[in-house]
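**Student:** Sequence:
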Amino acid sequence: MSHFLRALRVWLAQIRYSITRDLIFQNNFLLWVFVEILWMSMQFLFIEVIYSHLDSIAGWTKYQMLLLIGTHYLAMNLFQTLSMTNLTEIPELVRTGRMDFFLLQPLDTQFLLSTRKFDLSSLVNATIAAGLCIYAAYKLSLSPTITQVILWLLSIMAGISLHYSLLLGGVTLSFWITKTEGIIYGYYQIMTIGRIPRDAFRGMWKILFSFFIPVLLISNVPARAIMGYEGYTLYGALFLTATAAFTISSLYFHFGLKNYRSASS
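Sequential numbering from 1318 applies to the sequence shown in this note's numbering.
Treat the hints with care, since some could be wrong.
[As the list claims (entries may be wrong)] Below, a list of computed lysine to aspartate or glutamate pairs in the EDC-like style, where the Cα atoms sit at most 20 Å apart: (1) LYS1379 / GLU1365; (2) LYS1434 / ASP1516; (3) LYS1434 / GLU1406; (4) LYS1496 / GLU1409; (5) LYS1575 / ASP1417; (6) LYS1456 / GLU1365; (7) LYS1434 / GLU1409; (8) LYS1496 / ASP1516; (9) LYS1456 / ASP1372; (10) LYS1575 / GLU1365; (11) LYS1575 / ASP1425; (12) LYS1575 / GLU1406; (13) LYS1496 / ASP1372; (14) LYS1379 / GLU1498.
Just so you know, the hints here were simulated from the structure itself, not pulled from any lab data.
Could you build the full structure based on these sequences and the hints that come with them?
**Tutor:** Spelled out as structure tokens, the structure:
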């Protein structure tokens, strides 16, 4: 318990430092918020254009699709808020030997590397994405029950865990290879698949992106939960996959640490 409280205090201190830093460099903070708003606006415009010619895509109507995209960006931006920037910097820490500093700390190395920065601009964008979800739910005349809201929140959390596990597994390769930019870029590209309805996929592709690279579960399952779709098997698949992915990626990361050669070696 004392170890948990110490980790919590460290995390809260890092959040305070990160927020202070973002507020000092306000122009940079506002620029990133603007860029993300512009990107989400382009996605909204894209949906408007597509659905001006179609009534549905794979059985998903316009506002159902907006709910899916909003959920996708909500999970993505919450992940960016908490850990994404930290994980993408791991290869540089390994290459320069600055990983030594984290290995010497009296807390778990994975925890320190994952939480050292808190991205306030992504939290603002997550709020905007949540607003898009609320707007789409309103247009769909949804009246979710407490159970549906809880399932939605739990599914979002599981989706963030999947984001974390997939990216952690990718950047862990930096313990063996020098250049990992392609892996990080590939992660960003694969994650865009999460904006597509799972029902649009068939056969091996549906299985691949649902369970082996489970990007379709991250946004599709929460969106289906808030719309009241039954199918608790799919929710169970998401939670089990998220748990397994987190466990495997953590074990893999600690295995990679054993292969780390510090700058002083």
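**Student:** Hint by hint, which ones does this structure get wrong, listed from lowest number up?
**Tutor:** When the structure is compared with the hints, numbers 2, 8, 10, 13, 14 turn out to be violated.
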